[in-house]
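Enquirer: The residues making up each chain are set out below.
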Amino acid sequence: MITTSGLTKVYRARGREVTALDGVDLHVREGEVYGVIGQSGAGKSSLIRCVNLLERPTAGTVTVAGQDLTALAGRGPRAGRELRQARSRIGMVFQHFNLLSSRTVQDNVELPLEILGTSGQERSRKALELLDLVGLADKAKSYPAQLSGGQKQRVGIARALAGDPKVLLSDEATSALDPETTRSILALLRDLNRQLGLTVLLITHEMDVVKSVCDSAALMENGRIVESGTVSELLATPGSELASALFPLGGEASGEDRTVVDVTFQGESATQPVISQLARTYNIDISILGAAIDTVGGLQVGRMRIELPGRYEDNVVPIGFLRERGLRIDVLGHETEPVKEGAK
Amino acid sequence: MTWSEMQPLLEQACWDTLYMVGWSTLIAVVGGLPLGILLVLTDRGGLLQNLTANKVIGQVVNIARSLPFIILMVALMGFTRSITGTTIGVEAAIVPLAVGAIPFFARLVETAVREVDHGLVEAVQSMGGNTWTIVRRVLVPESLPSLISSTTTTIVALIGYSAMAGTVGAGGLGDIAIRYGYQRFETQLMWVTVAILAVVISVIQFAGDYAARSLHRRGSHAGPAPKLRLLKAAS
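Protein sequences, first through last, are from chains A and B.
21 is the number that UniProt numbering gives to position 21 of the first sequence; each next residue is one higher, with no gaps.
14 is the number that UniProt numbering gives to position 14 of the second sequence; each next residue is one higher, with no gaps.
Bound conformation, chain B alone:
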């Protein structure tokens, strides 16, 4: 396969991946953030302590996370059709990707929010703040660096999942690598795809780390965020 043959394939695949991962990340964040915060708030000693709700949410999240993505995709076909009107193509892949990523992201959010010093919550309570104020002014802003890292992890995981989206004819870089590279022995194309994926993931990871670190460094003795360095400095 020549480069001119590969190029349109790869271009389309890049856009497909970007489209799928972009939308599913957005939905995962929108859905997972409140879910993760709710997991913390409803837990024992939480501001909205409700152990029954906590158990139910926790179990749903656990079950959703324990399903392998490919099974989830098949299992959700009915649901996908009811939303997008189809079970094949890029749009159809976004639904299971988002559904799979919501609980994943929610658990990461839960861990990040739990790290926030309880003293800060008490301080805002002592000022007369309500639960919503505490979520908006304390829990989210104080855990923002961790939330950004969690988002990065979720994006990288979604890029991995999206390789399986080819099963429902959604295309994308992973799909090209499997269909052309593996099944048609176009080894060259497979390696090009892998290289593109590696670059994409590195860039995302790097950008995420940088954003998280510059927020974290804000106000620390180290001063403003460090200049971009190619070698990962000891953080």
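Isolated chain A, as found in the complex:
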């Protein structure tokens, strides 16, 4: 649904060049919620703004719903008619809502329809329907300043949906909201995604956002995507930074009397009850410290952190047993801990 290839954005200011995006290849499938996470300055905001060309990429292409937007952009900073039409089919919600304070809630939602040239009656019917959808039917005549942050964002979402977009871009939509409101806004996005088949690309710096709504995620650092995939794929990727941040496993590092081991299940290995086999075969007590398991296509993927009694040297044989079963084993806090593999 959204594909960027080799997307590059270089800002030039007073002779200095800052590379915000460095060859980003992103692929968002139709109907999924895709989260791009990264710290401030990682380039995620530039990325989402390049998707509807609010920001002109220096190089690379952006394709949304099969339409190459970069080809429509033309030269110069002004957006031509074709690009404007394409933009009207992409909804966008903002961190600071960006509602017009001079208009009522209903008039704010009608604005994109005015731009599309919809008739007055149809506009107000559609606006009220959308306000009902986001649960704000009773606020139609209020002004934005009379609403709470969460309500403002609901208006922002209703407004973004007015043009019947297939794609919704969310630029840190929940970052200015408290945790409770964040959850309700994310739930709303999730519902819209399911009900309307809306493809959502969201950027955020909060891991919880990705965890609660995203089907797929990408991690951005220094203008590059360093990891990406569906949440299950990430879970099954050994040493995935994103997976360990999404599903942190508790427990301390190995010590004199214990060996802590991270087990990554991938493919066939996960179908066997390896942990119980291990316990029976070697007659040892295994504590499970934490686990994040997902079932994808009948196969279990995920990570588990377990604790074996005794030092690492005493557990070489059981660990070997696990490795033989095709599992990826990382021993925590031991010098033989393998170097993290390159991220996917």
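None of these hints come from the bench; they were simulated from the model.
Please note that a few of the clues may not be correct.
What the hints assert, rightly or not - So the derived label-pair ranges between C-beta atoms look like this:
| no. | chain 1 | residue 1 | chain 2 | residue 2 | range |
| --- | --- | --- | --- | --- | --- |
| 1 | B | LEU51 | A | GLY290 | 57 to 63 Å |
| 2 | B | VAL56 | A | VAL226 | 57 to 63 Å |
| 3 | B | VAL156 | A | SER175 | 42 to 48 Å |
As the list claims (entries may be wrong) - Residues from chain A that face chain B, not an exhaustive set, calculated with beta carbons under 10 Å:
| no. | residue |
| --- | --- |
| 4 | ARG49 |
| 5 | ARG78 |
| 6 | LEU83 |
| 7 | GLN85 |
| 8 | ALA86 |
| 9 | SER88 |
| 10 | GLN95 |
| 11 | ASN98 |
| 12 | LEU100 |
| 13 | SER102 |
| 14 | GLU114 |
| 15 | ALA162 |
| 16 | TYR282 |
All C-beta atoms in this analysis are idealised placements derived from N, C-alpha and C, irrespective of residue type, glycine included.
The hints should help you fit chain B onto chain A, whose structure is shown.
Expert: For chain B alone, kept in the frame of chain A given last:
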């Protein structure tokens, strides 16, 4: 001078002032609003970025603003004659008043429009709006309270300028104050004129502030516009 002698003079002067200031304000708004918006749009990072045009407009505005009004009035005589057919009288005063007020108002508009949150512009861009839509639906309505305040300031400034319009025989309250009050030592008449001017300016300022505030308050937590109060409440 008795009151019955003063009355017709003052009445005529009031109408002259109202006529001059009214028309010149109208022209200043019509001319200054697009000019001020253009100053913002053509600036660096603006929607119609064009630094050459921006510099040219900016310089013209600066030069026009730096001319003292009385000089402007004399300098524009040829231009005034070509438009009104005369260089004396109320109509002739409207031309330099308007020409002087356009750049003044344009600068105020520029400041007001710059205050509009750029996020709103981006939001409308993301909906597929063009520059004209952004001007009409975002920049003007969102800066309306400031634009109203700017208009008030312009009217008050024009009332001040119009006192000099007597130089070209345009009459008006300021002219009466100078010709009768100052030059003929009719101190009483001068004070009456000053009092009328003070009342007129207060009323205009008050009405402008009220209008700007009621628009600004619209939708804020404070609810509807406050009832008229004679004492200026902390805004």
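Enquirer: Under the constraints set out in the numbered hints, which ones does this structure not fulfil?
Expert: 2 and 16
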